[in-house]
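A.B. asks: Could you put the whole structure together from the sequences, leaning on the hints where they help?
Each chain, written out:
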Amino acid sequence: MELKVDRVTKQYRNKISVDRVSLSLGRGVNGLLGANGAGKTTLMRMICGILQPTSGDITYDGISVSEEEYRDVLGYLPQDFGYYPEFTGKDFLMYFSALKGLSKGEGKVRSDELLELVGLEDVAKKKIKTYSGGMKQRLGIAQSLINRPDVLILDEPTAGLDPKERVKFRELIDELGKKSIVLLSTHIVSDVESIADTIFMMKSGQIIWTGSWDGYDGSLEDFYLKEFGEE
Amino acid sequence: MSRDMNNDIKRMFCVPAPQRKDDFIRAHREQFNYNKSNTLNMLLCQVEYISKSVWVLSIIVFILGVGILDISLRQRIEIVAALMPFVSGIAVYDTFRSRRYGMYEMEWASKYSLRQILFSRIIVIGIAHIALTLSLASFIRSDEMGFVNICMVITIPYLTSSIICLEFERTTFGRNNPFVCLMVSAFISVCIKLMQIKIQPLFWLQNNYMIIVLIALAFIECYEFKKIYHLEEYGWN
Chain X
14 MELKVDRVTK QYRNKISVDR VSLSLGRGVN GLLGANGAGK TTLMRMICGI
64 LQPTSGDITY DGISVSEEEY RDVLGYLPQD FGYYPEFTGK DFLMYFSALK
114 GLSKGEGKVR SDELLELVGL EDVAKKKIKT YSGGMKQRLG IAQSLINRPD
164 VLILDEPTAG LDPKERVKFR ELIDELGKKS IVLLSTHIVS DVESIADTIF
214 MMKSGQIIWT GSWDGYDGSL EDFYLKEFGE E
Chain L
54 MSRDMNNDIK RMFCVPAPQR KDDFIRAHRE QFNYNKSNTL NMLLCQVEYI
104 SKSVWVLSII VFILGVGILD ISLRQRIEIV AALMPFVSGI AVYDTFRSRR
154 YGMYEMEWAS KYSLRQILFS RIIVIGIAHI ALTLSLASFI RSDEMGFVNI
204 CMVITIPYLT SSIICLEFER TTFGRNNPFV CLMVSAFISV CIKLMQIKIQ
254 PLFWLQNNYM IIVLIALAFI ECYEFKKIYH LEEYGWN
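The listed protein sequences derive, respectively, from chains X and L. With positions in the first sequence counted from 1, the corresponding number in our numbering is that position plus 13. With positions in the second sequence counted from 1, the corresponding number in our numbering is that position plus 53.
Any given hint could turn out to be false.
Partial selection, computed: residues in chain X whose CB lies under 10 Å from chain L [to be verified]:
1. C61
2. G62
3. I63
4. L87
5. Y89
6. Q92
7. Y96
8. F109
9. K113
10. G114
11. G118
12. G153
13. F236
Per label pair, the in silico range of CB-to-CB distance [unchecked claim]:
14. L:A184 - X:K117: 21 to 31 Å
15. L:K280 - X:L130: 36 to 46 Å
16. X:G118 - L:K280: 36 to 46 Å
17. X:G224 - L:A80: 23 to 33 Å
18. L:L247 - X:I76: 29 to 39 Å
These aren't lab readings, by the way, just hints derived from the structure by calculation. Even glycine gets a Cβ: it sits at the ideal position worked out from N, Cα and C.
C.D. replies: Rendered as structure tokens:
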């Protein structure tokens, strides 16, 4: 199980968003830290096959990310997402179950499991427009888990979650990291400090630091602020 | 064991959560070859998620066309021709709603990608509208106006509206203004009406002219679909 990003660059006219990034991700939780505009979302979109790199290759166990076979094992939570106005929480998950190739019966069982996992079973039949920001985010997280992904890409997943939900989310991600490749982007250091096996720091489209924080003394937050010149 | 007792036991004791279900499914998945999606599944998956407004409007047009109102044949055809731009406008609006409602990134990353989803919607709605056109023409046809002629009269406004709406839907202006398709449909509809009043009723045009217009529109529509096909490559880039 290996997700390989090989010298990937993304250029928009005269701006380089991602600059010759190479990564190799294995099973476990990988944290992608960086300030806003560092290129995290662009990199994640390329890893999900939504955006084509200007140069470089991204493969999962030798399969290109543009292949359907890769998307079949991919779970993705974008930074901003919406919903069709007529959807309830359950409809939303049923819709994505269908798009991920699950039969109606499988989708129903899986949707119920996930609604319970994210604590939305009581409001499953209510319209999403009545949900709070945190509830919508939890629904988005549930959506990303429908197909039991081997590769889980989460772009700022903790945005809108309250402290209690954040702790629960970290436990969930920690558990998922034992079975899948999890790549989680954030600019909140505490989201990844305790659970990430590997941390990638991104600045101006480049990876400026890679490693596990376990072997280091001091706070990752202090190190991050120093690296980003925000001290 | 009686059925009552069986039900009582089910009610009194909760079924325990399956142990290591996730691990089992993942292991099971790896043992089998990958199942590639098939076209029929994709189409069926999208059918129930097409908005009711698309079907409702098509049914209204069909009912008006087959003659619920006590009006002449010519008036009936004119009403249907004037409503067809709305039928296609709403269909285009519904097909492209992923981006409008912020669902496209998640749909893009699903097994059935956004391109497949868009084409599934287009095919399902397209088949329904072809059936609508053919059934309307079968019902309305008379000695005064034949089957082919009626098909052309109601298809030309439909295709014109569809092409312009598709063009708008690809622009930022179109995506940010949910009423663009409605406005385009209304404009085409008014043009058709004015043409019928001021210049010449559409169905009085020579069949030869109409068939040329129809073929040209069909080509442009195919070109629009080709652009949609490349949408994933152009998207974001």
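A.B. asks: If a hint holds in the structure, say so; if it doesn't, say that too.
C.D. replies: These are the hints, each one checked on the structure:
1. C61: For C61 of chain X, the interface hint holds, since the closest Cβ of chain L sits about 5 Å away, which is under 10 Å.
2. G62: With Cβ-Cβ at 7 Å, under 10 Å, it holds.
3. I63: Since chain L brings a Cβ to about 5 Å from I63 of chain X, closer than 10 Å, the hint holds.
4. L87: 6 Å, holds
5. Y89: 4 Å, holds
6. Q92: OK, holds: Q92 of chain X within 10 Å of chain L, min 9 Å.
7. Y96: 6 Å, holds
8. F109: With a closest approach of 7 Å, the F109 of chain X hint holds.
9. K113: With Cβ-Cβ at 5 Å, under 10 Å, it holds.
10. G114: 5 Å, holds
11. G118: 14 Å, violated
12. G153: G153 of chain X check passes; min Cβ-Cβ to chain L is 8 Å, inside 10 Å.
13. F236: 31 Å, violated
14. L:A184 - X:K117: 21 to 31 Å: 25 Å, holds
15. L:K280 - X:L130: 36 to 46 Å: Holds: the Cβ-Cβ distance is about 41 Å, inside 36 to 46 Å.
16. X:G118 - L:K280: 36 to 46 Å: Holds, since G118 of chain X and K280 of chain L (Cβ atoms, about 38 Å apart) stay within the stated range.
17. X:G224 - L:A80: 23 to 33 Å: At 32 Å between Cβs, range holds.
18. L:L247 - X:I76: 29 to 39 Å: 56 Å, violated
Of the numbered hints listed earlier, those contradicted by the structure are 11, 13, 18.
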